Structures are given as C-alpha cells and as structure tokens.
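Visitor: Chains A and B are the protein sequences, given in the same order. Our numbering puts the first sequence at residues 1181 to 1964. Our numbering puts the second sequence at residues 91 to 249.
Treat the hints as calculated values from the structure; they're not laboratory data. Do not take every clue at face value.
Claimed, not checked - Partial list, derived from the structure: chain B residues whose beta carbon lies under 10 Å from chain A:
#  : residue
1  : HIS129
2  : CYS135
3  : GLY136
4  : CYS140
5  : LEU174
6  : PHE187
7  : ILE188
8  : ALA193
9  : GLN194
10 : ALA219
11 : ILE221
12 : LYS222
Predicted, not measured: the structure shown is a model, and the values here were computed from it. Quick reminder that beta carbons are idealized off the backbone N, C-alpha and C, glycines included.
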Amino acid sequence: MAPMLQDDLPRRAFLKGTGALVVGFTLGWHRTAIGAATPHLGPYGPAEDEIDSWLAIGEDGSVTLYTGCCELGTGSTTGLLQIMAEELDVAITRTRLISPDTDRTPDQFVSSGSRTIAYHARPIRQAAAEARQALLDLAAERLQVPVDQLVTDDGTVSLREMPQRKLSYAELVGGRGFDLKVTGKVRPKAPKDYKVVGTSVPRVDIPPKVMGTFTYMQDVKVPDMLHGRIIRPPAHGASMIALDDSSVAHIPGVVKVVRKNDLVGVVCRREEQAIRAAQELKVTWSEWSGLPDMKDIYGAIRDLPEFAAGYPKRSPGGVLENIGDVDAGFSRAAKIISATYEAPFHHHGSIGPSCAIADVRADGVTIWSGTQTPYGLREAAAKFLGLANEKVRLIYVEASGCYGQNGADDVVIDALVLSQAVGRPVRVQWSRADENGWEAYKAARPTDMKGGLDASGRVVAWDARTFGMSGYSRPEYHEPRHGGEPGSLVTAQLAGWTKPGVEEGFSGAAGNFTPVYEIPNRRVVFKYLGAASHRQGPLRMRVGSMRGVGSPDNIYAAESFMDELAAAAGVDAVEFRLRHLRNERSIAVLKAAAERANWRTRPSPNPASPNPASPGDIATGRGVAILGQDREDAGAVRRDTIVAGVFEVEVNRKTGAVRLTRAVIAQDCGLVVNPDAVRNQIEGGVIQGASRALFEEVTFDRSRVTSLDWAAYPIMGFRDIPYTVDVVLADRPDLPPMRVGEPASESVWPGLANAIYDAIGVRLRQMPFTPARVLAALQRQHAG
Amino acid sequence: MPGVALSRALRVNGAAVPVAPDDPATPLLYILRNDLGLHGPKFGCGLGQCGACTIHINGKPVRSCVTPLEAVRDSDEITTLEGLGTPERPHPLQKAFIDEQAAQCGYCINGMIMQAAALLTRKSRPTVADIKDALGNNLCRCGTHLRIVRAIQRAAEAG
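Could you build the full structure based on these sequences and the hints that come with them?
Guide: Written as structure tokens, this is what we have:
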C-alpha cells in the first residue's frame, strides 16, 4: 500500500452544500485527491452518518477507506480493508486506507483495548454495505431494471441473467461521492456469504516494512523542519533552578534553547547537533527524592489514599462483585488458603522511542503523531495552545509498536513548545532514556486472595482484593465523547499546565478480576488509588495503560490462586477448573487447549520432577490459565474473547533459570477476520507476556526510574523464546468478532507461575520470576 | 572543527554519495537517515543495544547508531535495507519475511533482515541455534521471533 504521506489532499477543499473554500495548511508533499469525496466537516471531523465520510470510490474504481482507527502494527489496516472489500464486493487489491487525520477521517476515539476490529469496524462495515446498496440502486436506474435482478462482483454491478450488461463502480460514482446518509437500514452480508473476511489475506503493511519503504512517525520529514531534543529533570519532582544557554554556544547548528517552566529543550538544524546540545546543556535542578523505597513498593502502594471519587456507579466503593455470603462460606469451608501476588511496574518497551512533529504557525497548527487518540490529543493540544479545535490539525502516522500508552502523546507537547518558540516545524525524537524515564508505566500491583474449599473439593468462598491505580492517563475521555485535556500528560505538567487531566476511574484496570467460575459466595474488591504521575499525586510514578491494562495483574492473581486451590484439593488443574465452569464457550476452549497440549490428568506438582529423562537439574512442568467471560449487560449478553493457555517450562534447580519451552493457546474470539493475523498477535502476545513475567521490572531509586536502557531492562531475546506456540482458533462465524491483541497475552503470567509450581513444587507470587526468586523459593521449600 | 562542513563521499548501496556533516563524530545512522533519506535503518536506542539501526559495512553487520562517520573509510561499501533488494527485486530474505508474514509493527525488522543477511553470507544453511545466536542481540518487542526464525530458514532453503 502506498505510504499515507504521499496521498491526496485537499479531500475537503470544499465543504459540501456551502461551497466555501477551506484553506488547508500548505503541505508540500500532498497531491491532488483521486476520487476524493467531500462529506461535511464538523467540529470533530467528517460527519459519521455520511457514507462519504467513510469511503470514496475513485475514477479508476479504487476504493479508499477513511478511518479514525490507528494501525498499531497489529494488522488492523488489512482487517478493516477486508471488511470493507467484503461488503462492497471489490477486490482488496483495489482498496487502500487513509489513517486518522482530523481534517479527513471520522473520529473513532481511542484505538485501544483490542477494539478496532471488534468494535470500530462496525460503522465501516455498515457504510460499505450501504454504499453497495446505493450502487445497486444507481445501476438499476441506469440500466432500467429491477434492483433484485442485479448482483455485485469485483467492483461492478451486473444483471444476474445477463452478466455482460454491467456498470463498474467507477462508472456509477467514481470520483463523485455518494451524498447519502448512513441509514442503518441496510443489512450487511451474512457471515456464510463471506469470501474475503475469514481468509488470511497477507497484511498490506508488511511488504513496505520489509523493503524499508514504509514511513513510520520516526521517518516523517516536513519542509523547513528543525530537530528538537528535550532535557528532563534528573528527579521526578525536581524543578529548574538555572539554565546556562552559553553552555551550548560552541555547538554548531543550535537555533534556540527553549524553556517553559520545567520543560527544557534545544532546537538545532541537525539531529546529531540536538542530541549533543541536549547532553551538554547546563541545567541546574532542585534536589528531590520523594519516591518510596523500591524494596517496599507494594507496601507503599497499599498505604496510598483511596481515590473515592473515581468509583464508577456500577461498582461503588470498588466492590466489583458481592454474591452470596462470603463470611458464611468461609465458616463452612473445610480448608481455607490465602495468598498475595505482586507484579511490578513495566515499560512498554517500544523499540523506537516516541517521536512527533509540530508546526505551530499564526494561522494554524499541524501535528504529526503516533498517538492512539487523534481527536482527543488534537483537542488537548488546542487547549494547551489556547486555540479552537479547528485551528489544529493532527495527522496520525504509525510509529514503532506501542502496546499501550507510551510517550507518543507526551512528545507532542514537547514538539508544540519547541515549534512555538522557533516558529518553524520541529521534530522531537525522544531518547531511549527519555522514553523509559517519562512514559506511563504499567502500574505495580499487590493483590490479596483468600479461598475456601468444602470437603468435596469445591470452592465455596472467594475473597479477592487488589490495590490498583488508573489504567488511563490518556489525553481524552471516553465519556463525554470529546474531551481532550492536556493535564493528563506529564510534559504538559512539566510545562506548567495545572488544570487536572482526564480522570476515567478504574474500569480498564479492573478487567477480568471477577472470577469466571461458579462460586456461590464471592467478594471482589478493587481498591482504587487514582491516577499517578511523576509530577503530581501521592505516588510520583506515572502509570497508564499497557496491553491488557490491569487485567494481566488480575488474571495473574486469580488464575494462580485457582491453581493453588486445585493443588490444595489434590485435583488436576484442568479438571478442577472444568468442575467450576458453566459457560459452554469456556469449557470448549479449555478442553481444546488441554487436548492440543496432550494434557495428562494428574494433580500438581509433577511427581516425576525433576524429570529423570531430563539431564541434570532440569525439572519440567506444565501450567494452565483461562480468562474471558460473557456478561449480562442491561438484558443483553456482552460477549468477550475466551482464552485458555497451557504453558510448559523447564526449571533449572541449580541456577533457578526458567525456560518457557512450549505454549498452547486456544482462543474463541468469535468470527475471525484474518486467521494468520490473529495467530501473529497471539504468538506475539505469548512471547511478550513471557518476557514480562520472566525478566521485566522497572527499577527506581528515591529520585527517579533507573531502568533507562535495555541493559537495565532486559526483555526476552531469541535465545529465550519458546520452541513453539501452538494456536487453536475456535471456528465461530456465528458470533461477532471479539478482542484479539490483549487476551492471549494475559494468560501467560499465571500459566508460567503454575507451570513453575508444577515443575518444582514452589509458588512464585512475585514477578518477575527471576533465577534469584526461584532459588530463594527453593531454599525456603528446603528449609520448610 | 566546529561549524565547518566536512565534505566527503561515501559508498552507499553501490553508489558514491557526497555528504557534508558539521561533525566527523556524527553517527552514520543520522547521515543515512537525514542526509541520504534512507529510512531502512532505524533509531532505537542510540546505544548499540537493540539492533534496529543495523547496516552492513563490507558485508558485515554494524550498529550505525554508534558508528561515527570518521570510522568509515572512503573505500568501505555501506549497504542498507534499501540496497539489499527492491520492491521489484526483493532479497530472498525480504521475500521470505513477506511469505512468513514475519512482522507486526515492523520497526525492528530492518535489523533482523540485515543481521540475517550477514549470517547467510557466512553460513548458507544455518541451524535454528545458529539463527538464534546471530540474532541474539537484536530486540523485537512485538514477539515476532518465531516467524522471523522461520523466514530466515525459508530464505536459506530458497538459497
């Protein structure tokens, strides 16, 4: 597919109906539009209820999809094109996609939570279905035949009985647009008629990525552009005391040293000059050491004040579920166990640190960004500059994979400040240390579990309590719909922005904490501690969303604990779960995973461990975890992806090293739009999940995060990867497509913990599962 | 000498190209990306740790983010991903990466292909262990490793 920067504009040169000329920003690399339709451009972009907002048929019959969804390297571009091509009966090779651009594409909010195909594809599918119907109606009129005698295929409408009588889509509407509302009255195709959806269409973005011709955010250049770098405080809470501009006077190419409150940067002609100037600029900062001791971080989190206002109406006080009588359940239990699980802060670990370009001019502002919230960030940027939304245009450009909220939004504020100071477009590329030091981390989390078994080995009481922070520090609210706020961004905070940011509550962070099992008495509580930022609040560690948000922590605790209950009951881990499951989809998925993994029914730990067949001190084990559930929501069933994972490990008793050797993932995510792209996501989720479980932990001293490079924050490399990841996809075209990117990765932490227990008979309740922790646990076992 | 453009020529992807940086210590990565518009090599860490910036100098894989311009001789042949193959005539590795769909975000893929190309020159039929060793210091965050290994095996088999 053609890189997005070389395509058209100005698609919206004319506002339909008024004929008023909208003067766009002069962008040297834009070409004249091909087949550009002209939907109404409202304050939040093209109107969602017009077909022309979503797609345009060119004079050459090619079809362009305009989406507000951000491709994040998951293959969503290809999936969305498949869905559109399917409904329109057009070859996918004649389609292309225009990424979010506040001047050209509808607002589709936040591209997160694995929702692009599961949720955001719906209006695209509907618009395409209505476009096809409109083409049929137009052809019926032109050919003077009843519409029910017409069929569509490969970009043409023809008479069913006389295929040579036909009109191409280009002949019908090419280059002109539909000028029709989306009515919602046209029924999209039935899945049984799908020809493109459900097939492994090769991803359109992979060839240019492999050839080096793809344009990432980090590759964008605009005319007259300068290079900026920022200089962050050496401590999260430090303030600037003095700045010595002359310290960089000897460096060639320095255009300006810029300061806005505690946001300090340099602008240079060339990139390497900016890097050097940022290193050599003399800045004096205040002393600050207000971080808790890393050794006591989980205690410090427990001690944080509760953030009462953030509790959603549905779970006041953080009570997600309170069913039966938990205390009575425990009083009748034959056996009660309890455990605490702890998972640390994580870096997103994007291979390319965040980057943005801003061009702040008197007549308007253009931003190029790898954000996940194009419209929300546009509004936040407008507020930051004191401008109306319409004065700011944000163009999304895919960046290095983000896996959640990395620094992509924050670096935009840096670029705005620097560009405003020099009156020219400025590209700001964060360094590795900038990214690791100032992104929004996945929050560290302690979780307490208590459960009771009756004499027959059934779980009769379940008491779960976790201490979580917001998984959301994006610059846009989910509700109300359009509410960008710069205050959520740490760079805006550095620049002196004092108004509060977005406060979304804990909903994402509480995901999957309620058990999937039939347990008569249960209480599930999410102690909500609010948001956290380097610059604000009681815990000066910035937190935000990362693949699964808080769900991986919740599942880690819940599924590790279910395993502890199974072992306490002396029952096989799969069998024990099946006894407590009622949802047919969950049962089918768990059985599919166990079958593919050749799961042998026996209780844990592995009686053959250390395996006599294995050399030396290697013990082998297997673990299972399951997640996902359907929910009743206002009378309707809200379906979600169900995943069961089986993980096989080797544990070296002498060194403590844990090796994931094989993973089996069975997944029911409803209709699968592109099976190979889904497998790619699942394989990646397993490897990233295992990396987080085995190796990863953000480190910090009392002043700042110290895991600032890959030596200090190792991730899984080729030598550590599993031999295989087997994927079993349920064939459920009868169900709507559901989330793909996150769920499988969430099964990995407990699956590994359970496999380690199976191998060596000790529980690892604190991540990461490092050799030191394994050896310490073995020593405790030996001593005990 | 600050402020004085140092004009010289490099051999990049088979052609002689003039470059005129201010500072001979400029890492090659910025010359390639900003002066020559070659975006195959990526900025990842600037520390030589992740491999996203990998290029070849005389066929050997090199981390361009920590290779100063002054360390490159006039006779050195620099090859970037763009010089390995073209969309019309892709390198066997590029074709294999497409066939195996061995990318997600794809930001690391430059380094994977450049590192693997050097391996295949050295050893035309590498074992899986050889591949994992050769790529041992190239980081991928999307978790595409299994596909990358398969793609390299496929390219090796295609010869």
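Visitor: Are the hints correct? Go through all of them and say.
Guide: Status of each hint after checking the structure:
{"no.": "1", "hint": "HIS129", "in the structure": "holds, 4 Å"}
{"no.": "2", "hint": "CYS135", "in the structure": "holds, 4 Å"}
{"no.": "3", "hint": "GLY136", "in the structure": "holds, 6 Å"}
{"no.": "4", "hint": "CYS140", "in the structure": "holds, 6 Å"}
{"no.": "5", "hint": "LEU174", "in the structure": "holds, 8 Å"}
{"no.": "6", "hint": "PHE187", "in the structure": "holds, 5 Å"}
{"no.": "7", "hint": "ILE188", "in the structure": "holds, 5 Å"}
{"no.": "8", "hint": "ALA193", "in the structure": "holds, 5 Å"}
{"no.": "9", "hint": "GLN194", "in the structure": "holds, 5 Å"}
{"no.": "10", "hint": "ALA219", "in the structure": "holds, 9 Å"}
{"no.": "11", "hint": "ILE221", "in the structure": "holds, 7 Å"}
{"no.": "12", "hint": "LYS222", "in the structure": "holds, 4 Å"}
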